[in-house]
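Participant: Can you join these two chains into the complex? Each is in its own frame, and there are hints to help.
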Amino acid sequence: MNVQAWTFVIVGLSFALYIAIALWSRAKSTGEFYVAGGGVSPVANGLATAADWMSAASFLSMAGIISFSGYDGSVYLMGWTGGYVLLALLLAPYLRKFGKFTVPDFVGDRYASQVARIVAVVCALFVSFTYVAGQMRGVGVVFSRFLEVSIDTGVMIGMGLVLFYAVLGGMKGITYTQVAQYCVLIFAYLVPAIFISIQMTGNPVPQLGFGAAETGSGLPLLDRLDGLHAELGFAPYTSGSKSMVDVFFITAALMVGTAGLPHIIVRFYTVPKVRDARWSAGWALLFIALLYMTAPAVAAFARTNLIQTVSGKEHATLPEWVGKWEQTGLIRFDDKDGDGRVRYVGDAAANELTIDKDIMVLANPEIAGLPDWVVGLVAAGGLAAALSTAAGLLLVVSSAISHDLLKRALMPGISEHGELLAARVAAAVAVIAAGYVGIHPPGYVAEVVAFAFGLAASSFFPALVLGIFSRRMNAAGAICGMLAGLAFTSAYIVHFKFLAPETNNAAHWLWGISPEGIGTLGMLVNFAVAIVVARFTPPPSEEVQRLIDRIRVPRGAGEAHEISA
Amino acid sequence: MTSHPLPPRQRYWRRNVRLVALLLVLWFAVSYGAAILFAPWLNGIRIPGTGFRLGFWMAQQGSILAFVALIFVYARRMDRIEREEGLEERDEEGSR
Chain A
324 MNVQAWTFVI
334 VGLSFALYIA
344 IALWSRAKST
354 GEFYVAGGGV
364 SPVANGLATA
374 ADWMSAASFL
384 SMAGIISFSG
394 YDGSVYLMGW
404 TGGYVLLALL
414 LAPYLRKFGK
424 FTVPDFVGDR
434 YASQVARIVA
444 VVCALFVSFT
454 YVAGQMRGVG
464 VVFSRFLEVS
474 IDTGVMIGMG
484 LVLFYAVLGG
494 MKGITYTQVA
504 QYCVLIFAYL
514 VPAIFISIQM
524 TGNPVPQLGF
534 GAAETGSGLP
544 LLDRLDGLHA
554 ELGFAPYTSG
564 SKSMVDVFFI
574 TAALMVGTAG
584 LPHIIVRFYT
594 VPKVRDARWS
604 AGWALLFIAL
614 LYMTAPAVAA
624 FARTNLIQTV
634 SGKEHATLPE
644 WVGKWEQTGL
654 IRFDDKDGDG
664 RVRYVGDAAA
674 NELTIDKDIM
684 VLANPEIAGL
694 PDWVVGLVAA
704 GGLAAALSTA
714 AGLLLVVSSA
724 ISHDLLKRAL
734 MPGISEHGEL
744 LAARVAAAVA
754 VIAAGYVGIH
764 PPGYVAEVVA
774 FAFGLAASSF
784 FPALVLGIFS
794 RRMNAAGAIC
804 GMLAGLAFTS
814 AYIVHFKFLA
824 PETNNAAHWL
834 WGISPEGIGT
844 LGMLVNFAVA
854 IVVARFTPPP
864 SEEVQRLIDR
874 IRVPRGAGEA
884 HEISA
Chain B
478 MTSHPLPPRQ
488 RYWRRNVRLV
498 ALLLVLWFAV
508 SYGAAILFAP
518 WLNGIRIPGT
528 GFRLGFWMAQ
538 QGSILAFVAL
548 IFVYARRMDR
558 IEREEGLEER
568 DEEGSR
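Line by line, the protein sequences are chains A and B.
Read left to right, the first sequence gives residues 324 to 888 (our numbering).
Read left to right, the second sequence gives residues 478 to 573 (our numbering).
Extracted from the complex, chain B is given alone in its bound form (with noise of 0.2 Å):
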């Protein structure tokens, strides 16, 4: 077993890949798709309350917003998959 990982290794690996692939398709759809490709269609809609258009707002601020959301939801979930794994870093590793 030189180069081959074990199987916990392996299976967290396989779950980082997937979320990761989760959380930039949202990427992408939150920006490319609502801000750009779909705004056109989407400035025909307001925001309830508001005098924004949606697309406009997702380019202006939805997008950002997410992107924050999905930064912090990739942590949590990867302390989880690290925690389930056995395989969270421990503390005497990195200096001081």
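Bound conformation, chain A alone (with noise of 0.2 Å):
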């Protein structure tokens, strides 16, 4: 069998699986549609959590990314784990115990007030959209490589399925269909490292391999490619190039970006008890970490076999890998000495090859040579991860629509199943918006994916945290904090990314933080906002302090109106 008809039944055979766990689980009620009835075991939750969390862009990306900056590539890693620590230490545990559906639902009753309630609507909306709308172009260029249909027909299959099991079963059916695409995205993710790393290091461990010895030089792997990478004058791959204070800032904004998206933060209301919650926490960030950690190893060993496949080569004699990227523009070659060999160089005007960091995870398998079912496994691991978040995020789409907006604000008379049909019209009108978006991609979805982290460390984190953490904060410190921390974080962002693109570099940025870490200042300008609105503010009511007692501690002995979900 070649690759593509490898690639036919891998993908088929998940597919086939998820639609079967689908239908298994339906959702019967809006609490099992919004939290899955509460009754899922911590550890399926977390690996639920971490399928949710694992996008196309960590599947697909993240690995390139660090491949081409090595160590400036770290933000990722420990920006998209070191969350979770703040998740469990600060959140997850109480936004259990105050029960419930969704994080809008947390800070319109917790702040008493509408307004805060249709803040916090808005941003869910728009945090959620825009990540879905990658998650759908991500599905399409999965879809158009290894399928050879084009990107618009792989957006559509794609559609047609996140349709079927979200609509269907809600976060019941997400929540196991999530479980086994983590299965199949952790299996994809790490039977190529394994066997890249035997044949580079013979180490079958690829965390411990990329810190070995090259089979071939014998030198230390990370020393060979810091000197491959001095020799062609590209920044040194330990060290990177990035100023200690940009990273730093970065690192910190996607961090508490992602203790406050609402897409991770709504799994942890389905976990029946407040331990399970920190639990859960502590099982997702395992799984997660698994890929995580695998990711600079293959990032090392893809860099190094890149360079020694390509470096120098003639054109005509590279592997057939090379041509079939070359035809979907993704890799361009560019003779400009007209020698016919490649000069693969940091410097940009002497540099003749260009290559598109996305392509790495898909590509490694062929630049490895390993045999073609790994490339159909790697396919179906992208798709696994895509459609996953892909799911969760809609459904935080479809309960802001039908629970916090219609039940919760604007028809509060409404039956549960009113509400249980709102909710799967609005799932359904949202995938097919994610659709047109993923077919016709706005063109600067990467600018706004950082505006989406910023959106949620300046404005829900700090909302969230105090509303937890201080018994003295109220609605107008809260709303004003929220407020403040948006308004300056979106500013910047739509300052460098839109009006001034050309003065966006470090000589013209505030304090030397680029628009990817300024949520991190957004984030403390919120707090300092809300802090101080506060004290000039009349306290929350005895009701909201009856509320925050409540919520603190597990045991609610006593509390006439404890929530069930």
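Rather than coming from a laboratory, the hints here were simulated on the basis of the structure.
Treat the hints with caution; some may be incorrect.
Which bits of chain A does chain B cover? Going by a derived footprint, with three or more residues having C-beta under 8 Å, they are [as the list claims (entries may be wrong)]: (1) 399–406; (2) 445–456; (3) 599–610; (4) 614–628; (5) 709–720.
The beta-carbon is built from N, C-alpha and C at its ideal position, and this holds for glycine as well.
Facilitator: So, in structure tokens, the structure goes:
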């Protein structure tokens, strides 16, 4: 069988599995639709959270980004894992105790304010929708490369599948499909990594392999890589080129942003107890770490392999995969000096080879000459990553509309049946809208994703943490803080990304902080404004004080308004 | 005693906040400390038996391992604190 046949078989089998699970776990009530009835075991929720979290970007792009930026890529590794510590220690257990269904639920009730609720709904919609568009695009790219259909057809197939199990099963269907998707994606990530690690260093554990000696030269692999980089004029692999201040701020913005993302927070509403929320966060991060600790190893192997394969070679003698990717335009060779040899160097004026960083994971098995079925497996893994994240995000979009907007704000009298129907319709509309954006991408998806993190960091996170840890925090403080953080962060990003992109460099940035890292400062602005405003306005009511007492302690002794999901 | 919590609840909360603060200090030290602020200095040290420079390893491997450990330590300690204060969640709470 060739690559394409293997891909069809493996992707087909994985899709059949997801559909079977969706049929088995249909949602019958709003509780099941929004939070899977609150009955998911901590380990299963950890698996589902890991799949929910790891998107097409984590699976396909991250190792590529690290491969091309070395130490600088660590901001993603630390930023997208360290946020779980904040989540487990500062948010998850208390939000689980609060009960109910969504993040705007908490903001609205804790601050006893419809304005705060609406601000939270708008943020949740913006953040989630931005993300989902990117996932649909990822589905399209994988389909078009491996199944040789157009990107548009790929997006449609992906839409159809997500529509089927998200609309039918809600959170319950999504959760159990995500458990299966995690297994597919982690297997697909580890198999090639282990093969390549054995090939290059003789060590079957990639995390150890990339610290070992290279089989051919006997030098430590990372030293070899630093040497190659120095020779070709790239920034050193193990120390990078970004300023320390920027690395610090970007890492912080990603961590805090992660802790403030509604589709991750809502996963902790699905476990039965408060202590399950803590354990579940631990399991989730463990499962995430398995991929995130493999990625830097894959990155270092791929980088060494790539340089050795292309640098200084005759273009005509390059292996077959180079030509295949050249056809897609994702690898480009421009023979500037006309000698037919590939000059791959750090100096942009002399460099002749441009490689899109998104292809590294997909091309890796071919670069390393692995068997055909591994390529099919990687395609199935990439699809699992994109679909699981898209489904989780769509649920947030649908619950924000049917629960937060309709039930809690506009039509409080709506019946359970009506709300469930509204949730399904909203999910369906959201899938179609996301598919449309996936087929006609706005051309600045990457910028908008950075925006989503900055936004989550500078709006949700302070409002949630203060709502739990400060009794004095009131609606005026929280709303002013959220608006100040949002205004500051979006003004900075819009200025450098859209209004004056030509000045987007360290010389013009505030204290050397790039737009990717500005969410950290926005978060500090939010905290400062919220605390100052709250000092000069009346403290929250007795009722809110009781709510704070209730969420802080797992046992709800004597409280009449204990809410069960 | 309308809005004043009972002493065990107050004690529970204080122990929780103290534990969270301690773990967040460690969280900061392994990531922002070892992997960013002191990374150039730690890169002068090699992990014995491997080719890893310590600062780089902390940034791409060590900090992640530490994050996982921190959450599990927190979950374990909180289970114990809840038992000691008699505040663990009872089974009939939460649905199903």
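Participant: If a hint holds in the structure, say so; if it doesn't, say that too.
Facilitator: Here's how the hints hold up against the structure:
For a cut-off of 8 Å, the count of residues in the stretch 399–406 of chain A with a CB near a CB of chain B stands at 4, and the three-residue condition holds. As drawn, the stretch 445–456 of chain A meets chain B at 0 residues by the rule of a beta-carbon pair under 8 Å; below three, the given contact is violated. Only when three residues or more bring their CB closer than 8 Å to a CB of chain B does the claim for the stretch 599–610 of chain A stand; here the count is 6, and the claim holds. Chain B is given as covering the stretch 614–628 of chain A, and this holds because 3 residues of the stretch bring a CB closer than 8 Å to a CB of that chain, at least three being needed.
Counting residues of the stretch 709–720 of chain A whose beta-carbon sits less than 8 Å from any beta-carbon of chain B gives 0, not enough to reach three: the coverage restraint is violated.
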